[in-house]
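Here are the chains, one letter per residue:
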Amino acid sequence: MRAMRDELSRTVAELRMEELEAPYFVSYIVRDTERMGTQASFGALLPSLARRSRMLTVELRVGDSSFDNTNFLSLSLIDRSSPTTALLPLEDDIVELRRQIWLATDTAYKKALESLAAKRAAFTSQTASEQLDDLSPAEPHIYLEEPDRRLPPLSEVQALVRRLSGLFSEMPHVVESGARAAVRHRRTYYVNSEGSSFIRNDPAAYLNVVAQTQAPDGSVLSDFVAAFGASWDEIAGQEDLTGRVNAMGQALAARQSAAAIEDYIGPVLFEGQAAAELIAQLLAPRMVGTRAPLVDAPPNISFNVPENPFRNKLGARVMARGFSVTDDARLRSDGFLGGYGVDDEAVPAGATSLVENGVLKTLLTTRNPIRGVNGSTGNRRGRGVAPSNLLLTSRRGLSRDEMIAELMLLVEERQAEFGVIIRRLGNSGYRPAPASGSNVSGSKSDVENATLAYKVYPDGHEELIQAAEFSAVGDSVFKEIVAASDSPTLYTLNYPPPGSDFQTGIPGFWGNLVSVSVPDLLFDEMILRKPSGNLPLPPVAGHPFFEE
Amino acid sequence: MNFPATHARRWTPAVLAVLVFAGFPLKAQEDVVLQAMRTELDRSMEAFRHEEVPPYFLSYEITETRGFIAAAKFGALTSSDEGHMRTLDVDLRVGDYELDNTRRLRDQRVFFATAAAEPVQVPVEDDANALRAVLWSQTDRHYKRALERFTRVETDVQVKVETADKAGDFSPAPAFTVVEAIPRLEADPSQWRRRVERYTTPFADYGEIYDGRARFEAEVETRWFVNSDGSALRSSRTAYRLFVSARTKADDGMELPLNLSYFALNPAGLPDDETVENDVSEMIATLLALREAPLVEPYTGPAILAGEASGVFFHEILGHRVEGHRQKSEEEGQTFRKQVGERLLPESFSVYFDPTAWHYGNTDLAGAYRFDNEGIEAQRVTVIENGIFRNFLMSRSPIDGFASSNGHGRREPGHRTVSRQSNLIVEVAQPLSRQELNARLIADIEKEGKPFGLRFEQIRGGFTTTGRIMPNSFNVTPLVVYRVYPDGSEELVRGVDLIGTPLTTLSRVVAGDDQVAVFNGICGAESGGVPVSAASPSILVSQIEVQKKAKSQDRPPLLPPPLQPDDPE
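Residue numbers (my numbering), protein chains in the order written: chain Z, 1 to 548; chain C, 1 to 569.
The shape of chain C in the complex, shown without the other chains (with noise of 0.2 angstroms):
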């Protein structure tokens, strides 16, 4: 699973984000889509009910995507598209709450487990008769799979040992009934595409630097949802993002790229130009002097992880491992399935997960949502409190001790739903101020001896294994790295990733600072990308471990570049 390159600048919005959902409620009956879906639902429920095998449990999601995208490179637009559609996810299950036809079968890789499904586009128009024809072709294929699977699990759990795990396959739920307002997609595509071409001209008048692009993504996601339950759900959200990404190159080929990202629920949350262009310029200034940076040999020390840096660490080794399906496979490195009750930061940390946050201070939050793809309503769930681990991430697929779901069933449509992380925030108690936890790094530097430490400024994302096969670890992908000197000088260095294990580095952060910044991302895992936040003050770990990153063998360019835009052509 990994954490790519979406990731938010610390920026102050200039206007406060309005709550999207405004408007009012328009009755279930009312939606032509909502209304297909459930007509459809109950004829199919009561049509198989006379089936041998009936189906226990039949849920349809359509999610409709509305969007807008405009990119340039150096200036110059490089596409502009406008998109709409619409998929379903339908989840039929045979069997009963203790045991159905999704149950993992063993010996099945995770490629194979979960890699079934595939979104299926239906009308974009409200045309009932048109969306029931889909529903009804999907059921059947849907009940037909669920049935071939059926028969295998039941005979996977005799031949097998027993699940360490006793819970069943899915938790009763309550039934919802919402229907929100769907908001209007605010871009205007001629002002996009002056704006990306103006945010990457600048990178024209460097030779040196290899790509420099800009991209805006306007985004309406709606869903529309029904289940068996009884459950009747129209929810939507909106996405403004913009990304900024430039790459260069050191003599001895390593790449050098940084990213700029920027996210809103609305337009006016996004940065104005004067800010975006004052952003390129450092970043520009960063990419040139990466350039000639020193090169970091394979290193373990005291460091600090700054905002945006510890969010993404804090997603990727103790997020991945909070999410409870993990714990209930055996393929799974099930890091945390026994600490309940036991510590695992310093007792001033607390870690929960919130979809109803909708932002952290005035930055908004890409992991919101009001219901998760499984039709339950989003919960806080705290993970970590004063240091003790308390809980997981649920869905409806219940492991032993947890039994119900706390709204975190997630999933990209076409993808089976699973437990995945929505804000991910941390809290200090007793936070240090920058200099002091500069002061403290400085401290554990000389305490152990070390030449220097090292700050982690940007990162690009990140990824984690929680399996058993494989070694249970992290490595996060720093972009811009300084080595801090006892005597409190930085440098700028390139060249290294960090990784580690999560018990050992979780059991070595040891305290945070007061500046909390928001990493904003898409997170991919086996349920497909799901929008997700991290919001984390920056944090010192007494031992870090960074080992060499990959690197291009490539020499930079032969020639020159052909043409400044100054020069006589």
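With the rest of the complex left out, here is chain Z (with noise of 0.2 angstroms):
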């Protein structure tokens, strides 16, 4: 912190190219990370690593908050666009911690310099569509966490993977199959030019066992089980592992002898883990303030940033009445890991109430504004806007049975056959390797393919589903909801933001933890179908452990 406040005293007192202008706000960030991971194969482990690094990130802004140096992409300039980073000794050496911080705080200034040129230059010929300043005002704050706990031993997670990975020797139907594990101690580090500065403990932990099956008809089949902690022993210490892994087995074992969903048109109940997947894979998106930049390309040349649709829909409704959604930087027990006590703005943890009986109130932001909403919410995490922990509430919760009751109410009005239930969701971030040759097992709308799903008949039957798809799955979803249950789920996953830096080398094991809490959910209609895809014909060998 030294380091970092004796450099950006002599940046703000003394940096100045000449006749140009001086930067009006500077920040550093400094993560110092620690990190393991490992996989296993088999019963066996691949290649592991252990790593410390300290990086530097610096934001550096001149022109003025209405009009600086940022949300401007050029293409003449895109070698320049990238955040200013260094990596730092490992060593409290202070003239070498200076010495880094000063060449990359004079990087980032000729940078800046010239995409405010370039930015000015731009609107000489186009203007923006809407008139933002480009950094919201927010007070100084000071934030300080003591050090936190440190990493297992390795060997404690290797064990551990290995072992998960080795009760796939009992299961002949999985063709590929793994486990993983990850932990992460942190130590972020923080000043700016404004008088903030922080330091804050990011620790993650996290185990994903995932496996693949292949149908008679050719079909790859694929789950996973995941866990996710604030320290190692938070998962170490869950006994039910291999329990879950095993069900994972047996539920793969018998979808490959199940029939896949033929078109289906009608209700769905999302139930537990596949309710918490849908709003993070498709909510979660959403509720995210991000804004595109004015590019300056080519007349020939399109570029386009995707934008949020829900940007466009502050007071509109967005789901059904009765239902609210909240993300709550400020939980940080009771199983709650996306909290912390500051964001990567030093802008300080809050409540922000997203939508409220079905109307959309706001977004979440950083300090880079958007129209329709003033300041920031605390929600920068690495180089984005993310959600922290995200709540989904219904003014009325029904039981089990009562959800039951009102699927089989929809099925009967629809004269239908049955309904469907979905108790899990796949996630692209857990995935073997692709088997033979196959593209399939990916999903080709918004939302994974459902891993475990039934047909639900009015005698109360229920049948196993091998795999469905979702088709056409829209912004106007959630107006579908016509009930959810009286117990939420929590669930923790990996949310990739732009930019992300939370990267470990483990396949699957990056991005911010989220934690979503979400009821069952009752649609009153969606489309469902047989995944497409061209099928992989079947292994010409069989599994050499199994065979012999």
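Any given hint might turn out to be false.
Claimed, not checked - Computed cross-link-like contacts, DSSO-like style, restricted to lysine-lysine with a CA-CA straight-line distance of at most 27 angstroms: (1) 455/Z <-> 479/Z; (2) 160/C <-> 144/C; (3) 530/Z <-> 548/C; (4) 338/C <-> 166/C; (5) 479/Z <-> 530/Z; (6) 166/C <-> 110/Z; (7) 338/C <-> 447/C; (8) 455/Z <-> 530/Z; (9) 548/C <-> 110/Z.
Please keep in mind that the hints were generated in silico from the structure rather than gathered at the bench.
Got two chains here, each in a separate frame; can you build the complex from them with the hints?
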């Protein structure tokens, strides 16, 4: 912190290129990260890593808060548009820390001046679709957390993934499988020229077991078991991991001989993990307020920056009446893992009411202003905006029996043969290597395929569905919710914001941890179909272990 | 393809390097990895035998890397990591030796033709069941890909014109069974952390040096290889590398980097602290001098390429063009395809590639190996004999007139094997002394009426294009260049790249001296990065061409350095 403060003082007082503007805002963030990760397959370890790094990111602005060098993308300056970063010494050597900060600041300042000049030039020939400031105000804030726990021995993590991956030696039907885990301990240091500073702990631990089988018709079926924690102990202490992996294996075996769903339009009940994944995959990205930069590109080059479709729906109904959504970064216990004391711009954590009684009230923001939202909601995580803990609540919750009854009522109204209950959804972050040239395990819509779903008949009996793909799931789907259960599922996942720096080298473990709390949800109508794509042929030879 | 900044300076190791592959060979059956690979390969060939289009060849190669890396900047440690990984490469072929699924599809761009492969991680533990599970799934995947591709190849052959080269796609080869001992990784992490800090501490005294770093790498690479010809190999190689690099900036914005690189087959072969520190001091002096050095304008005229520069020169303009597979592709320039038996260099020059040589003089060679990535025993290949072009570097991909591999099929794990360079060695039968070579340069300057000649002392690396679409040229990136005046005086200059076209430039090599230097590095091309060496004397070229170097437009840092070590805080 001393090196950052010393260099910040010098930069603010002295850094200026002749007649050009001096910086009006400078921040340094240093992520001092110790991490380890390992993987195993069929009871044997794959490569592991254990690494420490200190990465500095400089954010430097010239101009003023109403118009500065940011929110601008020039194709002619594309190589200068990336954030300025530097790898810092691992030791607290103030001379060398300051040297690297000095060099990175100089680079950032020159980039900022060039970007501002190019942005001003671009504004002489085009106008922005909306006139917004480039930096919203924030009160200076100081925050300090004491050093937190350390990493476990790597051998401990290796032992668990080895054991869990070895369970597949009892599952002849599983053709691809693996287990991986990663643990991170991070101290994040921040100072800015407005007087804010913080030191924050960002611990995270993760375990993921994946398995894949193939049905007789060639359909590739996969599933996963994932666990998160703020420390490795929180994962290793879970007693049911073996049982969950075995249950996944049994479900895959059952799905092999089940029939895939044919075209279906009708009511769908999402239970437990499926409801949470649905909200994480479909609603969470629509709750963040991202801003499209002004783009300076030649007229013959089209350069579209994707926008959140909910950005223009502030004040509009986006969910059924009675439903509300809140993001609460203050929650840091009782299983909530997405919380923090202060965000990456030193804005204190808070609770943001996003949807009230079905109406969209605001979006999650950083200090980069968006239309209709004043100030930051304290959701800067890495380079972009991300949720923390997302809670979906319903004014009226039903018991499980009542939910089933509601589903059956909808079935009856349609005079349909059956309804559908989905208990698990896939997640693109959890997949073994594609089997035998297969590309069919992905989804063609914003929502991953259902991996555990049942037809439910009026007499109450359930029939397993091999797989189901969603079709035409649009922005208005949440208005189709007709009922919610009285008990929510708390679920955590990796949420990848743009430019996340949470890379571990372990596939599937990146992004920010986001927890979602979601009740079971009953939708009046959704379209399901058999997963599309070419089906790979089964392997020519049998699995060597089971064949012999 | 390029030959990046991983070169070795001339130095004499205090201790002779010891042979790496000591120890008693083990029986192939006793090696769990080799046995698992053999068992699964045999089982696969038997299972696929009943398919309509069975494979006619299958090989597995597992490459294990155990390594340690320590890096520091300006005297402070920036990273220290240990690594252990194993990757699998599968070569499965359907069709026959004449025509198989690996044949290049015409009109397919090089990137797509070569970038399909990807490394597959396999367990780092000797667990036969786990290893075989990966081998099984990967074999199936490669078989299905091979079938698809073979269908396309068969169509391509029919709808396109005949290729100029009529050779088949694969050459028969003998089987080898060798199991070498696996050497230990010999690196004391705490010692090397201290050493890289120590080597970079002097840079901190100079505010105008904006980067000063060192990196130590220790690596033991072990390869297990089996194929359906009956080969079963386990071979290992060690590499210990130390890099020091620093960078300053001239007032006009030009980046001025310098590198030191040392390579040895064992840690004792690396230089001692005093040697490195002296080299660092010399490097700092050169960096500071370069900031004040005048720029050179584009120029043609005589020049000396000192040892390392001449090694890279031959690597780029000759070496890449004698890689056999380039004579097969209709998109390659095939510069030397019709030059067999023709004179390319003066009679006193011979050039050979020798992967069986682990040392040149007292210097260890990075491009040595016992077996290539197709399981073929390494062989010395004379490419130019007394100035006459004789041979190509061959993998198991034959070309007209060169039917067999000579042990130069190489790749980085995850890439498809092609013919690549190993240890390039240039020999001059009647070398001049250094003084005689300098005198020849001055004589040439005067004869040509030039105001000066050039001497290239250090280079960073280079690259060359060998295709037909882009001009068939090379670019060698010098770091330290001197103007040599007719009176014999020299002046350090900056700002030029050495460029040219291969046939013209080779024809202008006129003499070499007796001071051979070795350049050890990693050569990057379509089959990935492979370790190579180039040993060459300084050479006189009667006419070279230099062009202006691309330079940064950024000014040096605006503020002075924040703090010097001796400053009061």
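Results for each hint:
| no. | hint | verdict |
| --- | --- | --- |
| 1 | 455/Z <-> 479/Z | holds, 23 angstroms |
| 2 | 160/C <-> 144/C | holds, 25 angstroms |
| 3 | 530/Z <-> 548/C | violated, 62 angstroms |
| 4 | 338/C <-> 166/C | holds, 15 angstroms |
| 5 | 479/Z <-> 530/Z | holds, 25 angstroms |
| 6 | 166/C <-> 110/Z | violated, 57 angstroms |
| 7 | 338/C <-> 447/C | violated, 34 angstroms |
| 8 | 455/Z <-> 530/Z | holds, 14 angstroms |
| 9 | 548/C <-> 110/Z | holds, 25 angstroms |
When the structure is compared with the earlier hints, violations turn up for hints 3, 6 and 7 and for no others.
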